[in-house]
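Sequence order for the protein chains is V and U. This note's numbering numbers the first residue of the first sequence as 139 and each following residue consecutively. This note's numbering numbers the first residue of the second sequence as 139 and each following residue consecutively.
Because the hints were derived from the structure by calculation, they are not lab data. Some hints could be false.
Restricting the straight-line Cα-Cα distance to at most 20 Å, the calculated cross-link-like pairs of lysine to aspartate or glutamate (DMTMM-like) are [to be verified]:
#1 U:Lys435 x U:Asp358
#2 V:Lys151 x U:Asp140
#3 U:Lys143 x V:Glu313
Residues from chain U shown here face chain V by an in silico Cβ test under 10 Å; the list is partial [to be verified]:
#4 Asp140
#5 Ser250
#6 Val261
#7 Gln285
#8 Thr288
#9 Pro289
#10 Tyr292
Glycine residues also receive a C-beta, built at the ideal position from the N, C-alpha and C atoms.
Spelled out from the first residue to the last, the chains are:
Protein chains: 2
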Amino acid sequence: MDCCKKGDTLFFKQPPSIAGFAAVGGKKEGEGPLRECFDLLFEDNSLGEPTWEKSESSLQRYCIEQLMKKTQCTMNQIDYVLAGDLQNQCTASAYTLRGLDVQFLGLYGACSTMTEGLGVASVLAAGGMAKRVVAMASSHFCAAERQFRTPLEYGGKRTPTAQWTVTAAGALLVEPEGAGPFVQAVTFGRVRDFQVTDATNMGAAMAPAAAETILRYFQDSGYNPEQFDGIYTGDLGEVGSKLLLEILEQNGLCLKNHFDCGTIIYDLENQEVQCGGSGCGCSAGVLAGKLLPELKKGKLRRILMMSTGALMSQTTALQGESIPGIAHLVEISSVPKEEQL
Amino acid sequence: MDCCKKGDTLFFKQPPSIAGFAAVGGKKEGEGPLRECFDLLFEDNSLGEPTWEKSESSLQRYCIEQLMKKTQCTMNQIDYVLAGDLQNQCTASAYTLRGLDVQFLGLYGACSTMTEGLGVASVLAAGGMAKRVVAMASSHFCAAERQFRTPLEYGGKRTPTAQWTVTAAGALLVEPEGAGPFVQAVTFGRVRDFQVTDATNMGAAMAPAAAETILRYFQDSGYNPEQFDGIYTGDLGEVGSKLLLEILEQNGLCLKNHFDCGTIIYDLENQEVQCGGSGCGCSAGVLAGKLLPELKKGKLRRILMMSTGALMSQTTALQGESIPGIAHLVEISSVPKEEQL
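Could you build all of it, start to finish, from the sequences and the hints given here?
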């Protein structure tokens, strides 16, 4: 047993180390407050490709290249790549992996994919089943708009509760041991559906799942929120974040250190992104570009990171279905043993 | 270390046990040679639902209910459900899991999802991170036809190389130890693309990936094909199966005991399914409905099971992209120790 399971939460005896991280982004991301956090930024969101779908694959490719460069690894040293995205049949990831001769596990967790992947990568590393695992996720505004809403050329009006799909990819390298940051614990999500049917209000649809995962984690761990430098959600945006705090308060948990990657990645006042960023690339970019570097430097010592996903499709939306949400949580610390914190 | 990794293949020291299995199918599956193998068969493929997408979710729901009944488990005893399907954004699985209060890891491996899920479930069980994991996959002919090709009402003519998407779901319960059958080893797939662009010839697109995984497994294990009662692929169909054997022969491996679930599940002479069955439900149904029961009875003693997936989407097909394939392999035996075989 390389871990101890309390309730739903896996606590690793020897916490896996996140040996490297890389984030690449597009134009709007380069104009936002995190411009200095990305390893690469593209002025032209097409990345020179003829379709937005291929552009997203290119984003992933550049991201994994940056990761290999920064960690001085080569792809043949990687045991597994776990990756996912929002495209139908996850083709951004599949077509990226076509060019990399490595074992591939495709994940689908909508915008929760980054922490789903980091969680499974940690399981593989902690279980002694891999020496090096890459977890990666991406999204692309133009590919997502066309697929889930309307083509860009249509010029559809955005609602006030809408969020802006982030054009970014994030990739992490996970190893069984090392210099950290360290994955201390993982709580995988359960699907929650509070009957939200408005596909332009994803934050509201995902908030109940995020609340449920946080409550389970604190119940399982016995910790309290003040013991963390920050509790980060993936892409609830402004509306979803407010709802999250309300639901938690109704359940007796008061969060004063909650941050949402969707409101960190853009300047909400000036970038016309309505309620904030969304997409797998949102939490992937913020985690790989900002939070992990800060953990590495010791500027952050201990955080909870929870990517949040809305598990609907355009078909289910057109069929009038409500939107189920899910949220996978990972506890990450700057030092290997929690007692040292 | 609960496993030994040779090359790409994980060999489990304490092989996880497949404690239960259930398969449910539709009308055509009930008219085929495996009619006695399914736990439930539906005459009406709508299962009483207003959309094909919901019908597929119902298939999954019935399947997991059968699994719980047969194993005398309840959902609150299950640590994780790993599930996937072919619908855009994997909504068949997400909407099924909405009704089950359990931790959910969404997978996307196209038709390779059954063994991807069984592989990850085995990793969780062997790593001491779960007591009970369910791996599940499904497909539905009508949902897949509309999404990937044309709506049924269109009456599109099928090509001779086409395959028939199986309407079925299969679910397995994996535990760290037990009475078997036992998962001895897992080799996860690498993406292979031999530039097939014909979306009505998926078997040809997937055969190179299947060949590559088999070759890696035999290289890693040192075994030879004669040591197995059968080497099963997911849904290569007649064309893909021939190509697989050709590619393997070119690489010095002669398979005399290869079977493809796509040609087992239907009567190819009389059921008008062209080259055979396909879809996640094809290998899931055959594994859960036929192969695992035969392993349990000792009628089969040792097999390789390898679901095969074509990682394209309708969008990539319309954009003229070729079709990448992947194949995940699982070695399953009737007794816990390979030496006893």
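Evaluation of the provided hints:
Taken as a hint, the U:Lys435 and U:Asp358 pair is broken in the structure, with Cα atoms around 29 Å apart against an allowance of 20 Å. The straight-line distance between the Cα atoms of V:Lys151 and U:Asp140 is roughly 14 Å, inside the 20 Å bound, and the hint therefore holds. Proximity of U:Lys143 to V:Glu313 is assessed by CA-CA distance (about 15 Å); at most 20 Å being required, the pair is judged to hold. Nearest Cβ of chain V to the Cβ of U:Asp140: about 6 Å, under the 10 Å cut. The hint holds.
Because the smallest distance between the Cβ of U:Ser250 and any Cβ of chain V comes to about 8 Å, under 10 Å, the interface hint for this residue holds. This hint holds: U:Val261 has a C-beta 6 Å from the nearest C-beta of chain V, less than the 10 Å allowed. The interface hint given for U:Gln285 is met, as the beta carbon of that residue sits about 8 Å from the closest beta carbon of chain V, less than 10 Å. Below 10 Å, beta-carbon pairs count as interface contacts, and U:Thr288 has none with chain V, the closest being about 15 Å; its hint is therefore violated.
This hint is violated: U:Pro289 has a C-beta 12 Å from the nearest C-beta of chain V, more than the 10 Å allowed. Proximity of U:Tyr292 to chain V is violated relative to the hint, the smallest CB-CB distance being about 17 Å (cut-off 10 Å).
Violation of the numbered hints given earlier is confined to hints 1, 8, 9 and 10; the remaining hints are satisfied by the structure.
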